[in-house]
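J.: Following the hints, put chain B in place on chain A, whose structure we already have.
Spelled out, the chains give:
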Amino acid sequence: MMAAKPTPSSARKARLRWLGRALETHIALPLFALLPLVAIWIATFHFIAAEHDAAVSAARDATREQVDTYEAQMARNLNAIDQTLKVLKYAVEQHGPAQALDTLRRQGLLPPSLVFVVGIADRDGRIVASNPALPPLDVSRETHFTVHRDADTTLPFVSRAIGDAAKAEPHLHFTRRINDAAGRFAGIAIVAVDPGYFTSAYEHSREGELGLIGLIGNDGVARALRIGDKVSWGQQVALEHMASDAVDPHPTAPDGVLRYASVRRLHGFPLSAVIGLAESEQMAQFKQHRGNYLVAAFAGSALLIAVVGMISAWSWQLAKARRRERRAQETYAAASEASLDAFFVLRSVLDEDGRVVDFLVEETNSRAEQVTGIAKHELRGRLMGDLMPFYRVNGMFEELERVVVEGKPIETEWQAATWPATGRWLQRQLVPVEGGAVATVRDITERKEAEERIRHLAHHDELTGLPNRSLIRDRLDQAVLNAQRNGKHLALAFVDLDGFKLVNDGLGHNAGDELLKVVGRRMGACLRRNDTLGRLGGDEFVILLPDVSGEAVAITPVLEKIRQAVTEPVLIGDQAVQVSCSMGVAMFPRDGDDPKTLMMNADAAMYRAKDLGSNNFQFYTREMNASVEEKLMLLEGLRKAFDSTQAGLPGVGTAPAGQFSLLYQPKVDLRTGRIFGVEALIRWRHPEHGMVPPPRFIGLAEESGLIVGIGEWVLRTACRQAQLWRAAGLEPLTVSVNVSARQFEERHLVDRIAGALRDTGLPPEALELEVTESLLMRDLNQAIERMRALKDMGISLSIDDFGTGYSSLSALKSFPISTLKIDKSFVRDLAHSLDDQAIALAVISLGHRLHLRVIAEGVETEEQREFLVANECDEMQGYLFSPPVPAERITEMLQAQSALQPVG
Amino acid sequence: MASGIPAGPAAAVKNEADLVVIVSSRSPVSALRPDQVAAIFLGQTARFPDGLEAVPLDQPLGSKLRDEFYERVASKTPALLKAHWSKMVFTGRGQPPVEAPDSAAVRRRVAENPELIGYIERGALDASVRPVLMVR
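Each protein sequence line maps, in turn, to chains A and B.
Numbering of the first sequence is given in numbering that gives the first Met the number 0, commencing with residue 0 and proceeding in unit increments.
Numbering of the second sequence is given in numbering that gives the first Met the number 0, commencing with residue 0 and proceeding in unit increments.
Calculated from the structure, these hints are not laboratory results.
In this text, a Cβ means the ideal position worked out from N, Cα and C, and glycines have one as well.
Heads up, some of the hints might be wrong.
[Said to hold, decoys possible] Over the 10 Å line for every Cβ pair with chain B, so calculated as not near, a few chain A residues:
no.: 1; residue: Arg427
no.: 2; residue: Gly572
no.: 3; residue: Asn614
no.: 4; residue: Gly636
[Said to hold, decoys possible] Derived Cβ-Cβ restraints for the label pairs, each shown as a range:
no.: 5; chain 1: A; residue 1: Gly299; chain 2: B; residue 2: Thr76; range: 49 to 57 Å
no.: 6; chain 1: A; residue 1: Gln93; chain 2: B; residue 2: Asp34; range: 27 to 35 Å
no.: 7; chain 1: A; residue 1: Glu64; chain 2: B; residue 2: Thr76; range: 31 to 39 Å
no.: 8; chain 1: A; residue 1: Gly95; chain 2: B; residue 2: Gln94; range: 46 to 54 Å
no.: 9; chain 1: A; residue 1: Asn178; chain 2: B; residue 2: Gln94; range: 28 to 36 Å
no.: 10; chain 1: B; residue 1: Asp34; chain 2: A; residue 2: Asp123; range: 45 to 53 Å
no.: 11; chain 1: A; residue 1: Thr102; chain 2: B; residue 2: Asp34; range: 35 to 43 Å
no.: 12; chain 1: B; residue 1: Pro59; chain 2: A; residue 2: Asp67; range: 47 to 55 Å
For reference, chain B alone in the conformation it holds in the complex:
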């Protein structure tokens, strides 16, 4: 279960492989709820809660991290995700997030652009980015 509060005693099994949603450290966004994050990544909203533009960044299609992220945050299997984006694209309501090759690339790009929001494994965190959501 995802929570916005730093983890307590009931920790996840894999500490290192925990997902974390990041924004640029320069972004004013501090914390986000899972549903807010899901809305951004599913194309339902293009802005952060405070009104700033939000541009999601995906891990590569088929990567484990990606599947896990969508599973936990948006409760969507890859098939469901595909069906969602099929509809969105077909009806012209939106485009799937741009993909970055890996977590490091995600981190780098997010750090450069305060509009971007992505997800990486916990171990890839550094000071250039700020975690806004711990995904369990």
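The following block holds chain A by itself, in its conformation from the complex:
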């Protein structure tokens, strides 16, 4: 229901925050300014009210004063008129009407004829005398006559304003009764006055334009009424709500204007004097003053509001700017604290001439502590010259000065020499700002080290740490230039390790790597400081010996030393391994004057060394090029032969020169003496060099990769031939095809073989593949897998040259082979070598126990055959029976065989 009450402290904090906001000028000032504002208006209204009251009071006073005056005047005038009437009456009673006026005139007792008309009427209402003189009139019907005739009045009568035949304009007639000596009605005395006479005292300065002076009869009818300059009479004027002293303005007749009005009853006459002062006029000045006050108050308020408003706005802007600045500061502080760089905000310190002499640290971040070793609060406000005096000598001061003067940033890398960052690589960035500069310092040691590493890697072999090909090339170029310039000699040696592959394949790549490292170290130990030992890749090394004498004999010792060092046994794990090296040496300038030639010739010399049986070094001679050239030519010929063989028909009879041909060597069952199979062997006749020994061109083929294509051709040709023999109805044979290491490693081997069988139509059982022992030891698992695949197809496998390579007997167990071929080297001395006999016997026994067939290769003598037969060898192959012959010859043999011993 109710929201959870905020905790007291948070509530207080909120209040304080509000208080703080409120105290800010732009909020406090307007609130504060309300006071004078209110004061202004209170005062204004107060003054206005006071003046209003004063004005009202003045109006009342004026009315009263004026009515007093008017009353007095009226009283006097009425009195005088009455006096005149009495005098007239007396004169008439004394002298008779006709003479009365003259007598009075002579005495000067008549009122001014300009203003008053005096007259006497007899008892019949005829005017008998008048001043000024009037024609005879009859007033007998007038009220002011009849009222006296009809009653014995003792009081004067005042008529309304009426005109008569004498004067057209209305006059007021004052009349008194005249009695004769007997007291009977004898007539009346008349004093006639212009109504305007009674309001002639009207002064615009006193009464204004709307002021009212009036003489009102008791019957409520105005005898004379003047408003402004307009005189009127005869209106009904209500006197009820007019007091003797005016209090409040009321609308007054005849125009209903609001007036302060006072009434005074006039003694002795049925008349009242009225003074009315128009409220609008009486209050006019007040209203003007009021207007002025209001205008002043508005102006004052507006001014106050404007000033306060401006100040508030300005203050608010200030506060906003302050807040913005504070936020910027906080953002900056957060950013600089989080930064990985050390930050220094520096202010320039100038001397009298305006030149920069030092820098003051204004601000730093926490990271700066680590770089300088000085606490942040101690850094602030200090001069750089005090904190780090050495900055004047290490170039930093000059840079800062330049940055400030030129206004362009500078970036520098340097290695710190002082604690706490001794030895580390730092990068400083100096950026000019107003009044100084900002210095950013970053630790780039790791980057530098990484760069160094990459640079090293670019030029050095990763495994051995020796210079790589590109660095060697660079050094060679440089050394050649130097030698050219200084007329010195240099030697370049290519070193190839012999038997490395065996170690790599036999003991694994890790062992091979270790061997390379050890051998590399040993070779390096034999060299001088200026010599370079590099690794080109694989098991190839190169040695550069700059600055040697021109004689080969001079460097022979060091070459021998290297050769010996390499042949020293190496302990890999707990296995002792031994390799040797073949070295080829070319010398500058004897064997070439540019790096490329030197390298080529050294390479050629190395191949020669290899050809000569390895573990030696050869100096380049011109003939060596020949062997390389020869090799290249042979390779070219091989390609040509392959292409033309592919294009042409399979070899029939002796192949034309330049093509491959396939010969077949019969395999004979030792017990039956019958041919049961053939081994397909490839031959090549080079157009110029004649028959090329298979070991030679097979090796080339393997090197160049042509072996795959050649091997496939051999396979297909042999299958086709075997199928031809079958189709011819001859005794079915198995045809054996040699498969090289290279072929076996090829991924699609199984597919190729399957394809060949499919295309030729030869049943798989008729095909046998011969693989050498050492081949199998290479990638054991893959080999087994492929062999199984082939076995599953129905193809049989045999191990060629058994006993000559490295293999383990347990591996033998896992190979899906069917035949072991005893290598010819054991058969050759079978007749007289007991060892060979023992081996042969062992192989036969082993093979049989493993349920394998055993065939002996290279059987050439009867003794050999006898021995083999005696010891239950299953089959033989060799010159004794037949050398490799063309397919037709095999056909003939098969025909002869079946003719002699038909299979029953």
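T.: Coordinates of chain B only, in the frame set by chain A:
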């Protein structure tokens, strides 16, 4: 236009009917301006400029001479004159001048009394009175 200087070449149309303001020849007053004369006849002052008492004498009410005099000297029509004297009488500030029947009577009375001042037509002048203002 009235002037205090004897008329020059630009004379009024009616020579004989010209008004002239007179005092007794025995009065020390020699010349008066029109405004001074008006002040005396309107009751605004009761003394001559030199301090002597001044008592105005009017021609009869409604006479042409009277109307002309007030028209020219005081710029007042008869109505205005009446309104003026109404106020004066009502407020008790003064009485209108005494009237004399005609110019001869005015002359006679003015001649007898140096305090009196009146106006007559030019033709009625004689040695017993002195003109102080020619009214044009």
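J.: Now tell me, hint by hint, if it's right for this structure.
T.: Against the structure, the hints come out as follows:
With a least beta-carbon separation of about 108 Å from chain B, A/Arg427 lies farther than 10 Å from that chain, consistent with its non-interface assignment. Every beta carbon of chain B lies more than 10 Å from that of A/Gly572, the smallest distance being close to 154 Å; the non-interface claim holds. The non-interface label for A/Asn614 is consistent with chain B: the shortest C-beta to C-beta separation is roughly 164 Å, beyond 10 Å. For A/Gly636, the condition that its CB be more than 10 Å from all CB atoms of chain B holds, with the nearest at approximately 160 Å.
Taken as a hint, the range 49 to 57 Å holds for the pair A/Gly299 and B/Thr76, whose Cβ atoms sit roughly 55 Å apart. With their beta carbons about 45 Å apart, A/Gln93 and B/Asp34 fall outside the hinted range of 27 to 35 Å. For the pair A/Glu64 and B/Thr76, the beta carbons lie near 33 Å from each other, so the given range of 31 to 39 Å is met. Roughly 28 Å separates the CB atoms of A/Gly95 and B/Gln94, a value that falls outside the hinted 46 to 54 Å.
A hinted range of 28 to 36 Å holds for the C-beta pair A/Asn178 and B/Gln94, which are about 31 Å apart. Remark: the range hint 45 to 53 Å for B/Asp34 to A/Asp123 is upheld by a beta-carbon distance near 51 Å. At about 39 Å, the CB distance of A/Thr102 to B/Asp34 agrees with the hint of 35 to 43 Å. Between B/Pro59 and A/Asp67 the Cβ separation comes to about 38 Å, which falls outside the hinted range of 47 to 55 Å.
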